[in-house]
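> Read off the chains here:
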Amino acid sequence: MLKAKSSLGVIFFPAYDWAISETHPEREERLLYTQDQFREEGLFDIEGITEYRPLRATDQDILRTHFCFPSVDGICTESHRISAGGAIQAARLVLERETQHAFALVRPPGHHAMKVVQGNRGFCNINIEAVMVEWIREHYGQKRIAIVDTDCHHGDGTQDVYWHDPDVLFISLHQDGRTLYPGSGFPNENGGPRALGRTMNIPLPPNTSDEGYLHALEQVVLPILADFKPDLVINSAGQDNHYSDPITNMCFSAQGYARLNEMLKPDIAVLEGGYSIKGALPYVNLGICLAMAGCDYSAVLEPDFNPEQLREEPDTMNYIKRLCRQLPDLYFYPKPGAYEKEGRYFIRERDIYYDTDNITEKQREELKDCDDCSGIRIIKSSTHRTGSCLGIELPWNCCPACEKEGYERFKRKNDGFQIVQMLDRKNKQYVYRP
Amino acid sequence: MRIGIDIGGTHTDGVLIDGDRLIAAAKTPTFSDNLLESISQVLRSILSGQDPGKVSTINLSTTLNTNAIVTGRIEKVGVLVVGGPGIAPETYRIGEHFHLIPGSLDHLGTETTPLDMDRLQAAVADCAGKGVKSFAVVGKFSPRNPSQENTIREHLGNRADFVSSGHLLSGQLNFGRRIHTAYYNSAVWRAFRAFSTALQESLLKFNIRADVNILKADGGTMPLLRALESPVVSIFSGPAASVMGILAMEPTDSDILMLDIGGTTTDIALFAAGQPLLEREGISIDGRPTLVRAIHVESIGIGGDSLIQVEQGVVLVGPQRLGPCMARGGSAPTLMDALNVLELVEFGNSRNSIMGIEELANRHGIPGRQLARDVVDTAINAISTRIDSLITQVNSKPVYTIQEILEDRPITPSKLIVIGGPAVVFRELLQTSLGMEVVIPPLHGVANAIGAALTRSTAQLVLTADTARGKVSIPRLEIFRSVPRSYTLETAINEAKSLLIGDLEQAGVRISAEEVQITQADSFNIVEDFYTTGRNIRVVAQVQPAVTVLLDKVNAGIRIDSGPERQLL
Chain G
1 MLKAKSSLGV
11 IFFPAYDWAI
21 SETHPEREER
31 LLYTQDQFRE
41 EGLFDIEGIT
51 EYRPLRATDQ
61 DILRTHFCFP
71 SVDGICTESH
81 RISAGGAIQA
91 ARLVLERETQ
101 HAFALVRPPG
111 HHAMKVVQGN
121 RGFCNINIEA
131 VMVEWIREHY
141 GQKRIAIVDT
151 DCHHGDGTQD
161 VYWHDPDVLF
171 ISLHQDGRTL
181 YPGSGFPNEN
191 GGPRALGRTM
201 NIPLPPNTSD
211 EGYLHALEQV
221 VLPILADFKP
231 DLVINSAGQD
241 NHYSDPITNM
251 CFSAQGYARL
261 NEMLKPDIAV
271 LEGGYSIKGA
281 LPYVNLGICL
291 AMAGCDYSAV
301 LEPDFNPEQL
311 REEPDTMNYI
321 KRLCRQLPDL
331 YFYPKPGAYE
341 KEGRYFIRER
351 DIYYDTDNIT
361 EKQREELKDC
371 DDCSGIRIIK
381 SSTHRTGSCL
391 GIELPWNCCP
401 ACEKEGYERF
411 KRKNDGFQIV
421 QMLDRKNKQY
431 VYRP
Chain Y
1 MRIGIDIGGT
11 HTDGVLIDGD
21 RLIAAAKTPT
31 FSDNLLESIS
41 QVLRSILSGQ
51 DPGKVSTINL
61 STTLNTNAIV
71 TGRIEKVGVL
81 VVGGPGIAPE
91 TYRIGEHFHL
101 IPGSLDHLGT
111 ETTPLDMDRL
121 QAAVADCAGK
131 GVKSFAVVGK
141 FSPRNPSQEN
151 TIREHLGNRA
161 DFVSSGHLLS
171 GQLNFGRRIH
181 TAYYNSAVWR
191 AFRAFSTALQ
201 ESLLKFNIRA
211 DVNILKADGG
221 TMPLLRALES
231 PVVSIFSGPA
241 ASVMGILAME
251 PTDSDILMLD
261 IGGTTTDIAL
271 FAAGQPLLER
281 EGISIDGRPT
291 LVRAIHVESI
301 GIGGDSLIQV
311 EQGVVLVGPQ
321 RLGPCMARGG
331 SAPTLMDALN
341 VLELVEFGNS
351 RNSIMGIEEL
361 ANRHGIPGRQ
371 LARDVVDTAI
381 NAISTRIDSL
391 ITQVNSKPVY
401 TIQEILEDRP
411 ITPSKLIVIG
421 GPAVVFRELL
431 QTSLGMEVVI
441 PPLHGVANAI
451 GAALTRSTAQ
461 LVLTADTARG
471 KVSIPRLEIF
481 RSVPRSYTLE
491 TAINEAKSLL
501 IGDLEQAGVR
511 ISAEEVQITQ
521 ADSFNIVEDF
531 YTTGRNIRVV
541 AQVQPAVTVL
551 LDKVNAGIRI
561 DSGPERQLL
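Protein chains in written order, with the numbering used here: chain G, 1 to 434; chain Y, 1 to 569.
Derived by calculation from the structure, the hints in this document are not laboratory data.
One or more of the hints may lead you astray.
[Unchecked claim] Cut-off 27 angstroms, straight-line C-alpha distance, at most; resulting in silico cross-link-like pairs (DSSO-like, lysine-lysine):
hint, chain 1, residue 1, chain 2, residue 2
1, G, K380, G, K428
2, G, K426, G, K341
3, Y, K397, G, K5
4, G, K404, G, K143
5, G, K3, Y, K397
6, G, K278, Y, K133
With the hints as constraints, model all of the structure from the sequences given.
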């Protein structure tokens, strides 16, 4: 019988009783064929690969990660709590050393959910990786964490959550935003003023296949990880970069994805998108599991796999090679952008569109350029649904001045905000104004 | 009247039951090379003074197939495997005649590579040349589409005396387990057939003309004729018989634990709301997981005769057993001797126990009583640790719906039923250390035979329908046919129920529709190119283990005939 070289915990939670709508790609059927493949292959009979059930994320788990307006229940259902709880279970297994690696094979996904959540964007309500990362920090201290997002879509939500965080390195490999939702993820988006170079975007051209993906991994991702020296590496393992995916234009394969995980060696992988539920997911998920467990995956092949046909055109490969030569500089020698500043505060003003719920959020963010800590962050957010909302975030290393300022803002009366949430990492207080 | 016989590793137990009354019970040694002699001895004892013509049913739990597999006394089997992409089928190589035939299906059952007939012919010729007459034919995803397995079977024709086809053994997916199950099934078939013929002749000599059933690892029975098709499902029926005995003697609707303490091992079983828990996929034998449905029983290497050792100051109990305890003439001190020293029991010659323990303790410079105390603590701790991990494992088993997570009720047993030879000795120790009520049923010595006598048939059936492709399959019954798009989950449930009832009826077992339990009933919207094209329906129906009657406790005082040499263990 087979034995895993390194033990792997798989949190398989297909949510067989939940869908966004009957025919939506994010529906009950999504992981059905993956489970058939796992069962027939006897994945959990391999010594060292074990199946676990998810935990359930609590209000506190979500509120230490997000500003939820109007409330936690207002933006997420049980399915989202359990999906995030699946990621938390993965982290618990690895940090408690019950298994060496863990894969949260859960749905619905989360990487389009930003710091502020007012609804559903790109099938995501809460950011399940971010909820997991904050759970890790709450229970195991301020770790250095690298999130490598290999979903075909730019992980704009995760990028937003960690934009100002120098301890989280976020690298996204995705189909170029000029050709796919959400239209972002360009190299010049490389972190906030106090976390420069800690966001890295690798926009790959349509029809990128195994060689292109693995080239980007080898030339950009791995050297940066070697320098950053994270305590934990997380793979946001979306599978919509597969050649058979119905809503994207890439040519990645199960073999390529397994190899990517073998090279990246993530401690934890979390499923994100991927909607070729019969042609891709059964094979890609099997490939990822075997690669993470150090088992032979060389025969995991889609029935219609034809590497010659999928191979990049020379022009595409040349473009990828040129791009990958330039990108590492953005991490090693980042250039400060033209940040707007009012007094001691960096200012960001944006409109954020929630495509699934058709909501537009107006947002103004103020981050204090504090010499004594990472700086208090104030976010003003408004939509036609919730009115004016205020989020106050105090960093884990918050200085007394920022703390005082934060609580003054929080306790203020008649300041025109309908909903105010405090996210105080220092004292672990995650509460709404009564 | 019903007879239940459990042929165990050391003893063969038998009971005669009339309605709900125990009439007679007997215990005799198991002669591993002549099981029929053990059966005859038991029958002679329990039928003395009875009319054998009144026996309507005889249920037999036998270690015949288990022992044949574990000791390697099995027939050579030609294993013809169709693998395809994925985990290498070579992983499951078993036996001396294992052949891979190129060909493949995908998870929907679509043929993606045709069967390589040249390679098939070569493999069959090779087996024929080596005198192989028994075969196992298994393809990956064959429960979705049996055509490649069927082609191989047809090709074998009369060159095979017996063929196990993977898809007929179970509708559950698991390629490796299917290979192992088919292999063992074909490997024990011939010997089991011989045993069954001899058994029937021997029953005729006793003037017994009853229905003969064989016990399965899931605690249910199947008619002997059915057992000839799938003898493999009789492996490990012994522990299942004990579990069924508990259901007949101590019925409950709460969570309980069973502990069967023997000479060498202790078996632990868990009942959730009074129902014994089954293995998720199937039981393992000889290190190989199978698809044989079984009651989940954990075995721990601690029993009354477990050898005591002291290694670098650490006291070890079991898993070795050199022989009986010193109190009964053994040569090295065991757990039972430690209990004797502590005066927790008065068993056999306790002076021998004291001598043995003192001698071992002296060698390691510790007082004898302390060693005995450490031994008992170690044993009880090991059992209680295993119980805890079993409960944790069961409570953290994977679930796949939000509903299940929200409604999940953790299993928290508060009562322990202890059976087996040394059961009485452990009552107070277990009660104190586990904090659970401990019950020892009066007839615990023959709980296994009582379970065998009173259990009924079990069966399982897996139905998968894909209305977009217009197909339904029920592999175990060899049903693969077309269905209209209008085929619904409700139709599927009803079909599964009536097919299961019909299947059992054909085997001579009558059950009502209420006794069929639906353990899975899912219907998934199949969407292709953003349009609903049909439903993917999954139904699993089963008849769960249960006893036909509860034993009347008034007869609990009956004497167990253990032959001329009365034994306590």
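> Indicate, hint by hint, whether the structure satisfies it.
So, going through the hints one by one against the coordinates:
no.: 1; hint: G:K380 / G:K428; in the structure: 21 angstroms, holds
no.: 2; hint: G:K426 / G:K341; in the structure: 25 angstroms, holds
no.: 3; hint: Y:K397 / G:K5; in the structure: 24 angstroms, holds
no.: 4; hint: G:K404 / G:K143; in the structure: 26 angstroms, holds
no.: 5; hint: G:K3 / Y:K397; in the structure: 21 angstroms, holds
no.: 6; hint: G:K278 / Y:K133; in the structure: 40 angstroms, violated
Hint 6 from the earlier list is the only one contradicted by this structure; the remaining hints agree with it.
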